[in-house]
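Number of protein chains: 2
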Amino acid sequence: MVGKIILSIMQSLDGYIADKNYHSDFLEGYGGSQLSDVSTLEEGFDFAKINDIEMIVMGHKTFEQGYHEAYPEQTIYVISRENQRNDGRIHFVTPTRIVKLMLAKKRQGKNILLIGGGLAVRPFIRANAIDQYVIGTVPYIQGSGRRLFYPQDQPLPLQLESVDVMGGLTLSVYSPR
Amino acid sequence: MVGKIILSIMQSLDGYIADKNYHSDFLEGYGGSQLSDVSTLEEGFDFAKINDIEMIVMGHKTFEQGYHEAYPEQTIYVISRENQRNDGRIHFVTPTRIVKLMLAKKRQGKNILLIGGGLAVRPFIRANAIDQYVIGTVPYIQGSGRRLFYPQDQPLPLQLESVDVMGGLTLSVYSPR
Chain A
4 MVGKIILSIM QSLDGYIADK NYHSDFLEGY GGSQLSDVST LEEGFDFAKI NDIEMIVMGH
64 KTFEQGYHEA YPEQTIYVIS RENQRNDGRI HFVTPTRIVK LMLAKKRQGK NILLIGGGLA
124 VRPFIRANAI DQYVIGTVPY IQGSGRRLFY PQDQPLPLQL ESVDVMGGLT LSVYSPR
Chain W
4 MVGKIILSIM QSLDGYIADK NYHSDFLEGY GGSQLSDVST LEEGFDFAKI NDIEMIVMGH
64 KTFEQGYHEA YPEQTIYVIS RENQRNDGRI HFVTPTRIVK LMLAKKRQGK NILLIGGGLA
124 VRPFIRANAI DQYVIGTVPY IQGSGRRLFY PQDQPLPLQL ESVDVMGGLT LSVYSPR
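Taken in sequence, the protein lines are chains A and W. Taken in order, the first sequence gives residues 4 to 180; the numbers are from my numbering. Taken in order, the second sequence gives residues 4 to 180; the numbers are from my numbering.
Take these hints with a grain of salt, some might be off.
All copies of an identical chain are treated as equivalent in the list; a pair is satisfied when it fits inside any one copy or across any two copies.
Claimed, not checked - Listed below are the simulated SDA-like cross-link pairs for lysine to any residue, each with C-alpha atoms no more than 20 Å apart in a straight line: (1) Lys23 <-> Pro154; (2) Lys23 <-> Tyr153; (3) Lys108 <-> Asp55; (4) Lys113 <-> His94; (5) Lys7 <-> Gly35; (6) Lys64 <-> Asp28.
Read the hints as simulated data drawn from the structure, not as lab findings.
Chain A with its partners taken away, still in its complex shape (with noise of 0.2 Å):
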């Protein structure tokens, strides 16, 4: 069975993942008076899934803030520039490997999770290998910062799959067309 690459991320209204220095304290929900939670899906989107996955891809930036030790189960792949050594579960790929690697994995079978945005996005994007778009959308004007999308030639047509409404957020699901 041919596996999934999915991007999880929340993103502010104004599309940034975080500000320029890597902080993303902004990034919560703020319900309005009148705000119900919603979904278009009968029980709601499913974290579970995502949290079950083998394989995490994070960019470098991602990962030294840390955001691995939030899976500590799984494999992590950082993209890094710098040609460094495997350390235990925490694999350094280049960018210009990355994306062949993971479709390599997913044909095996397995989940992989892409974590982060902006220069670790970009080439997924741009092969248009990413299965599942998990996005999260903050009720902020952020103003400026690190983007989740940098710009890019080619537009990708998506499709809106599933929206949930939760404490303030909207999280939307999107596949490629």
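Chain A is fixed; fit chain W onto it per the hints.
For chain W alone, coordinates are given in the frame of chain A:
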């Protein structure tokens, strides 16, 4: 009674309202096979309220695209750096004057609709002069073009008031916290 200043616009998932030639053909919904329409409001978002507005503000480029023709009854304010003469219901106002003028109209009880993005929206965001953000999100990674939100120095925290999913699009309404 005090009026409201409402921003209403569609953006791609990566924050563009048009391509670099000001075309926006990509701004259409595309629902996944399992997607049902839902709303956090009892009766769904009321577009009639938006169409019922007396005054409309748009950027010069939006005006040149002919968007004012969709609003034949309204007074149109076009943000323009040049000192142009008013032409019937079409008024030309400089970027430095527009926010102050609209806040005065709002105090007189007028409801004002702001369409367009980028340079036209920025002075209103900077002054925290927008009472309601009605933002449609299109399932599309556009990659390049005209942004809805320009970079700015100060963040602006919002709260989520309502979400509607319809025809493969998400429509979210925000207000300042």
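Hints and how they fare:
For the identical chains of this complex, Lys23 and Pro154 are neighbours both inside a copy (17 Å) and across copies (12 Å), given an alpha-carbon limit of 20 Å. Proximity of Lys23 to Tyr153 under the C-alpha cut-off of 20 Å is found in both arrangements, the shortest distances being 15 Å within a copy and 15 Å between copies. In the homo-oligomer, the alpha carbons of Lys108 and Asp55 lie at most 20 Å apart inside one protomer (16 Å), although the nearest pairing across protomers, at 55 Å, exceeds that limit. For the identical chains of this complex, Lys113 and His94 are intra-copy neighbours only, at 16 Å inside a copy versus 60 Å across copies, given an alpha-carbon limit of 20 Å.
In the homo-oligomer, the alpha carbons of Lys7 and Gly35 lie at most 20 Å apart only across protomers (17 Å), although the nearest pairing inside one protomer, at 35 Å, exceeds that limit. Taking the shortest alpha-carbon separations for Lys64 and Asp28, only the intra-copy value of 16 Å comes in at or below 20 Å, while the best inter-copy value is 36 Å.
Checked against the numbered hints given earlier, the structure satisfies every one of them.
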